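Engineer: Listed below, chain by chain, are the residues.
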Amino acid sequence: MSRILRTSVLVVFGVIWLLPVYLLLINAAKSPLTFTSTTSWVPTDFALFSNIADALQLSGLGDSVWSTLLYALVSPAIAVLVGAAAGFAIVALRLKHGFAWFVVIFGGTVFPLQMVLLPLFDGYSRVGLFDTQLGMIIIYTAISIPFSAFVMRNFFTGVAHNVFEAAVLDGATTWRIFTRLYLPMASSALVAIFILQATFVWNDLLLGLTLSQSDDVRPIVTTLAGMQSTYGGAQLSTVLAAGVLVSLPTVVLFLFTQKFFARGLALGQY
Amino acid sequence: MATRTAPYQWSARGFIAPGVILVAVLLYLPLLWTTFLSLTEYNGLGDPDLIGFENYVEMFEDPEFVGSLLNTLLWVVGTLLIPVGIGLALALLTWNLPGGVWLRLPFLIPYALSGIGVGLIWSFILSSNGALDQALAAFGITDPPRWLVDAPLNTVVMIIAAAWQGVGVNALLFTIGLNSIPKEPLEAARVDGATGGRLFTSILWPMLRPLTAVVVGLSIVASLKTFDIVLSMTKGGPGRASETLALTMYKETFVNSDYGLGSAIAVFLTIVTMIAAILYLREQLSKKHEF
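Protein chains in written order, with UniProt numbering: chain A, 1 to 270; chain B, 1 to 291.
There's no promise every hint is true.
[What the hints assert, rightly or not] Selected chain B positions facing chain A (in silico; Cβ < 10 angstroms):
| hint | residue |
| --- | --- |
| 1 | Ala17 |
| 2 | Tyr28 |
| 3 | Phe60 |
| 4 | Leu90 |
| 5 | Leu97 |
| 6 | Leu105 |
| 7 | Met274 |
Simulated from the structure, these hints should not be mistaken for lab results. Quantities reported herein were computed from a predicted structural model and do not represent experimental measurements. Ideal placement from N, C-alpha and C gives every residue a C-beta, glycine not left out.
Please construct the entire structure, taking both the sequences and the accompanying hints into account.
Structural biologist: Spelled out as structure tokens, the structure:
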């Protein structure tokens, strides 16, 4: 097919693909006064920011933003370090039965999340972690570790072992070698994993729905789901504005880090 | 070298311990507990009563569960045909095209949205007299189907919403696959005059097969777990007509407090997911022998 034909087909489909985003944006920008459900396709006014402000006050979305930001930053950060430490133990320190231990850690991703929901809910209630930020951070960290260990093990396999041996000859401890040599070397892989896992945590619904209740603990997507079933009619533009607010960070992050993301995906699939 | 006692073993154990402990306590222990609970009658109060496989029998005798199973099957087939197919087409169209990266961008944006975000947008579009119905009315169609009410139409439109989200990432994966094809056989085929469909069937498709297996496997595994979009768009309704296994499991457990039955559904879902994963991995490995 000729280039011009290919390009025009892609442009037409691209525009069609963005129509739902267009509808979301123009309707999220309508003030409750001008919002009627009969003119979805026509923009009327621009009240996006006041709608977002309203959304932040309704149903505790404002509280959710901060706790979700906390989860999406802290849990993936811990997980990349724990995963990197595991990869370091297996590859650089040549842990005995290292591959078996790797399979143990990686096996954590193989099962659907549904298998762990109920015991977590039950166990969290018993030890006082239910509906706490600490509890959410712990589970998001645990969920993010297997993928992180997977990528980091792959990454460290590509590092020549005499790098490690030379550092030993210089008298460095394993801790020092890990923190001063291996971690800095792996920074691009660490960032790629961090982005992927932060996106996952930000977009999680199921764990939030199961393990939290109050506004200041509940992750933002879970709060949005609650808003969607509670509000409608003229308030719908406010709910749509909440949808824009919730989606914006991941879309922006994704577009700015597309190359990292693509590489991370390529690593993750094989 | 191999017989020398390995140094750093204690240090290595220290480095791997946090990962192993967190995964064991928060993922494996719950996993075992769910498997055990699936063999019990338990509502969260008192102690679980061991009842053997009764939950599993009850599960398959429940018409709602069978409906949910069929819906999940529809999701698996739908997400295989639509997002994987369009994703491949997009990758082929943008391949080696100047500005291809930019032309792919519109399709990638939905991928960064949460399932709830996608559900929110499409509920707005598909609700009665929503954006789609208004557009249809402009073309003189005044009696459109009730998109989110009639089954199985509601499942079909939700699959389309999920496809809208998933096409971009499949296109990205296929693009990575296309870019990794060695240049020589391609040049040779081009010199021999192979273009378009011929080039695709004789060179590109066979070379993409291992990647296709991965994309297909991922789609199957992901579609088996479909939850967010359905919860957001229909809540599994009307009644329970558009539930998927993941949603049925959630409802039995956290709405009806039937922990035993909910756990049994989770175990069933896990077994099906495992079988799908093993099948596609085997497929992928056996196909590799051809090269």
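Engineer: So, for every hint listed, does it hold in this structure?
Structural biologist: Each hint tested on the structure:
1. Ala17: holds, 9 angstroms
2. Tyr28: For Tyr28 of chain B, the interface hint holds, since the closest Cβ of chain A sits about 7 angstroms away, which is under 10 angstroms.
3. Phe60: violated, 18 angstroms
4. Leu90: With a minimum Cβ separation of about 8 angstroms from chain A (threshold 10 angstroms), the hint on Leu90 of chain B holds.
5. Leu97: holds, 6 angstroms
6. Leu105: At 7 angstroms from the nearest chain A Cβ, Leu105 of chain B passes the 10 angstroms test, so the hint holds.
7. Met274: holds, 7 angstroms
In this structure, the one hint that does not hold is number 3.
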